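Asks: If you read the sequences in order, they're chains H and G. Heads up: the first sequence begins at 10 in my numbering, then just goes up one per residue. Heads up: the second sequence begins at 10 in my numbering, then just goes up one per residue.
Because the hints were derived from the structure by calculation, they are not lab data. Please note: incorrect hints may appear among the correct ones.
[Stated by the list, open to error] DMTMM-like, lysine to aspartate or glutamate: derived pairs with alpha carbons at most 20 Å apart:
id : chain 1 : residue 1 : chain 2 : residue 2
1  : H       : K182      : H       : D361
2  : G       : K359      : H       : E387
3  : G       : K325      : H       : D329
4  : H       : K325      : G       : D329
5  : H       : K325      : G       : D319
6  : G       : K376      : H       : E45
Computed from a predicted model, the values in this text were never measured in an experiment.
Protein chains: 2
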Amino acid sequence: MKTVRLIRNRPGVSIAPDGTRYSLPSQNEIDQQFAEIARRAEGKKVVVVQGLGFVGSAVAASIASATDRQGRPLYFVVGIDQASSDSFWKIGKVNDGLVPGGSADIEFDRILEQAVKERNNLCATASEEAYGIAETIVVDVPLDVVNTTVELRSEIDINLREFETAIRAFARKMRRDALILVETTVPIGFCERRVLPLLKEERARRGIQQPVLLAHAAERVTPGKNYVSSIRRFWRSFAGYDAASACRTREFLASFIDAESYPLYELHDMASSEMGKVLENSYRAMNIAFIHEWTLLAERANINLWTVIDGIRVRKGTHDNMRYPGFGVGGYCLTKDSLLAQWSATHLFKTDTVLELTLQALRINRKMPLHTLTLLSELLPDGLSDKTILICGVTYLPDVPDTRNSPTEILLEELENAGATVLVHDPAIRSWAERPFMVVQRDLVSALEEADLVVFAVPHRDYEALQAEFLRRPLLIVDSNNVLTDIKAEEFHAAGCRILGVGKGHWRARGYHLAT
Amino acid sequence: MKTVRLIRNRPGVSIAPDGTRYSLPSQNEIDQQFAEIARRAEGKKVVVVQGLGFVGSAVAASIASATDRQGRPLYFVVGIDQASSDSFWKIGKVNDGLVPGGSADIEFDRILEQAVKERNNLCATASEEAYGIAETIVVDVPLDVVNTTVELRSEIDINLREFETAIRAFARKMRRDALILVETTVPIGFCERRVLPLLKEERARRGIQQPVLLAHAAERVTPGKNYVSSIRRFWRSFAGYDAASACRTREFLASFIDAESYPLYELHDMASSEMGKVLENSYRAMNIAFIHEWTLLAERANINLWTVIDGIRVRKGTHDNMRYPGFGVGGYCLTKDSLLAQWSATHLFKTDTVLELTLQALRINRKMPLHTLTLLSELLPDGLSDKTILICGVTYLPDVPDTRNSPTEILLEELENAGATVLVHDPAIRSWAERPFMVVQRDLVSALEEADLVVFAVPHRDYEALQAEFLRRPLLIVDSNNVLTDIKAEEFHAAGCRILGVGKGHWRARGYHLAT
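Given these sequences and hints, build the entire structure.
Replies: In structure tokens form, the structure reads like this:
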């Protein structure tokens with residue numbers, strides 16, 4: 010997953026999303042810190058986690074919380090990130106015993122603080138020397154697609170350089186017998202065809218003949234209140250470059266994952282493991298896009314698609330994962346993983362294979378937030394030019410402070426282009442990392458007061474708890490994510506509001522109201 | 010579901026797929042039979058099932074098997090079909106106490122025989138007079154798409170005439186208070202916009218002012234060994250035209266479905282119920298097409314996709330219904346239901362909505378069987394012109410004698426076009442209803458002997474049980490449906506066979522062998 014990038018860079022300082030300032034260290038300070046780390050790590054099994062973003066910080070804390078049967082920590086864990094204004098605050102946060110970027114999972118806060126402050130087996134540094142003391146190096150640096158909106162498969166491009174720089178960084182320092190475990194979602198075939206040659210090259214330069222130990226095990230970290238659980242108590246697939254790598258990987262993963270309840274699944278080769286991750290996320294993206302086109306039909310046919318899907322999802326095992334209509338797809342993975350697969354087909358396997366449906370699904374998902382605009386125009390037929398629109402919800406998941414690729418941003422831009430004044434509200438964030446100059450409203454009732462129309466984009470608890478009696482006047486409402494239950498919509502309607510819901514049609518069903 | 014159409018029509022005779030001949034009755038005989046039925050039905054609650062095809066015959070038997078708490082039959086059931094050479098054999102079979110077209114479900118055989126021979130509460134007739142004695146009329150006549158291969162949505166056409174004729178047939182005779190329950194999969198909005206006006210028109214002609222009782226409850230009948238279970242012990246959605254229709258429908262369905270274990274789900278209107286069926290089948294078709302494009306990539310990337318999917322399907326509730334690579338999509342529903350939805354969008358709701366992904370999935374599925382041709386050409390690089398190819402499997406489901414829209418037919422045609430001699434074998438059928446002049450081989454080992462290459466298209470038990478030691482010589486094998494386990498493929502390879510498997514790549518993984 011991608012690290013949050015702050016726009017408010019200042020020389021010599023790295024500022025966390027919550028405003029905490031960390032002075033960037035000098036090389037001398039970094040070296041001194043490493044000397045201290047090396048002293049503390051002596052005699053211990055060291056795991057280095059490269060990249061302290063969404064995934065890396067949670068993985069580091071999870072590994073640090075692993076114990077033997079006597080409850081003693083198994084590892085001394087070092088998180089490595091860069092001493093840049095973009096990234097250094099994450100190092101600062103971890104060393105303060107705090108989750109970088111905040112978390113909705115109290116277990117995450119607890120195990121990270123415990124590891125740093127009580128067990129003293131987790132720290133973070135910008136020192137690349139730390140790679141040299143690691144028995145295992147876990148790679149959690151992002152591999153980004155340059156532009157997720159490209160239409161032609163030949164145009165799909167990925168930021169190879171940053172990732173390759175990260176690989177070389179540890180290849181130059183690593184112990185010859187260290188295991189490299191790549192958790193990053195990468196194109197199919199990438200570890201063998203791109204990572205391995207780099208490792209071999211750097212190791213050859215160091216005169217190391219020994220075969221490298223390399224494996225891929227994609228993370229399945231799910232932002233939200235089960236963050237740590239999604240690492241420690243969830244199924245995991247992996248594959249090693251060779252038998253020795255696979256063996257070491259199995260042992261390592263089993264040491265911090267509950268492999269008894271969630272048996273580890275070994276694949277034949279790293280490409281299979283890499284494909285597994287991009288396939289499962291493409292599947293999810295596909296199923297979302299599929300329902301979106303039926304949403305459009307349902308609205309035209311005045312059918313409440315939500316109830317139709319409820320009647321289908323009872324078919325356990327075949328249809329129970331059918332998605333509901335929605336506002337849009339955000340986050341880091343579902344918006345780009347399919348592009349990694351297509352890039353791989355074209356550039357690594359040199360085939361003419363086109364993942365037609367898969368890429369079309371991405372296109373549909375990208376445009377999905379604009380459908381809200383259609384509904385909104387029905388309630389504001391005279392145009393948006395002098396209107397104030399409040400969008401409730403910026404994050405891409407409810408009650409999770411994660412705004413990467415927020416679908417709200419897509420809608421916001423179109424609304425502003427159409428001349429509307431846009432306010433945003435979101436109870437899960439204080440500021441919008443990708444749009445730091447956009448004010449995030451704090452008081453929902455006041456914000457509602459100012460708006461000509463409100464869009465409910467994310468089913469945050471606070472919105473679900475909203476009562477019609479809190480409103481100071483009737484509202485125009487577009488419910489883009491089934492935030493209001495049908496019963497509640499009935500109450501709002503009784504209070505004079507006009508409501509349109511995505512995938513609900515214009516008619517009354519189970520209490521859901523006509524707009525007019 | 011569609012009735013099997015026999016090509017071997019003869020005047021005055023209707024011949025069942027097993028060869029049994031039934032003389033077509035005269036109108037006089039039909040009238041006499043009805044008089045007898047009316048006598049037997051007197052004082053009983055009569056249910057008429059219109060259409061004795063795959064669905065209708067099973068529904069009729071299921072309703073006839075419903076009892077009150079004392080074990081007494083609730084209904085006298087009359088199945089109606091036409092006195093044509095195409096259809097009359099179904100009437101004959103039912104009256105003989107036999108399942109028309111055969112069944113893989115012993116419960117189906119048992120309850121049908123019991124109803125006809127012991128409980129005497131099920132019979133079949135061609136007499137339309139029987140509609141006049143029904144309290145409930147269940148519509149199970151097919152509504153066919155004229156051509157399932159059309160590319161343009163404006164070209165999608167359905168056989169309205171036959172269906173409308175069927176509706177008029179009972180509208181002219183029905184009791185004014187009879188409930189009409191449509192189980193046929195129809196376009197969204199069809200019952201209200203097409204069926205209802207016809208009923209009103211015919212009833213007005215008869216001077217009936219009373220509102221008609223009409224409902225839609227799509228069947229979810231699954232061919233195979235759980236045929237009757239898929240009617241009696243499975244979830245069911247329904248919707249009535251009005252409250253009275255819905256109430257009658259709920260009561261009726263609950264009388265022969267185990268609604269305690271599988272609660273009935275009432276939808277707001279008939280269009281929602283109609284959409285539910287075409288949506289759930291489109292979803293399935295979509296997921297099949299989605300995996301097919303990843304199958305092609307996996308093969309190019311030398312990845313055993315089967316093992317990758319196994320590693321993904323552990324994610325219960327979100328990914329456990331991911332499909333595996335396959336040979337193709339056959340049957341009556343998945344090949345056409347999406348077209349009904351699109352027809353509806355265009356013709357009933359007059360929208361410009363295009364179900365892009367949904368229609369593209371159908372196109373991909375239609376071409377899927379031709380992928381086997383690609384694999385086959387790799388094993389026979391010198392062309393197919395003087396080669397004999399044995400295709401093992403004609404039905405679209407394993408061990409179910411149902412050959413409608415068999416993907417084998419698509420492959421067969423292409424092979425014959427390429428100059429190959431094609432043999433087919435299938436343990437589940439004696440003859441191929443849609444291709445009555447094609448010999449279905451009976452002896453697998455002899456057929457294997459004759460072939461230059463064998464395609465395993467359907468995972469029938471007989472094929473799974475095949476042992477390498479039965480072979481008289483090494484074979485070229487394309488396994489298009491994971492019929493051979495990887496261990497078995499290993500044995501065949503050891504016996505000198507060359508094997509390619511769909512979605513397996515060319516490499517050795519878990520014992521699955523290289524072709525060369």
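Asks: Compare the structure with each hint and give your call.
Replies: Structure-based check of all given hints:
1. Between K182/H and D361/H the CA atoms are separated by roughly 39 Å; this puts the pair beyond 20 Å, and the hint is violated.
2. As the CA atoms of K359/G and E387/H are separated by approximately 19 Å, the hinted pair is consistent with the 20 Å bound.
3. For the suggested pair K325/G and D329/H, the alpha carbons sit about 10 Å apart, so the restraint of at most 20 Å is met.
4. Between K325/H and D329/G, the direct Cα distance comes to roughly 10 Å. Compliance with the 20 Å bound is thereby established for this hinted pair.
5. Between K325/H and D319/G the alpha-carbon distance is near 18 Å, which keeps this suggested pair within the 20 Å criterion.
6. A C-alpha spacing of about 64 Å is found between K376/G and E45/H, which places the hinted pair above 20 Å, so the restraint is violated.
Going down the numbered hints, you'll see the structure goes against 1, 6, while the others check out.
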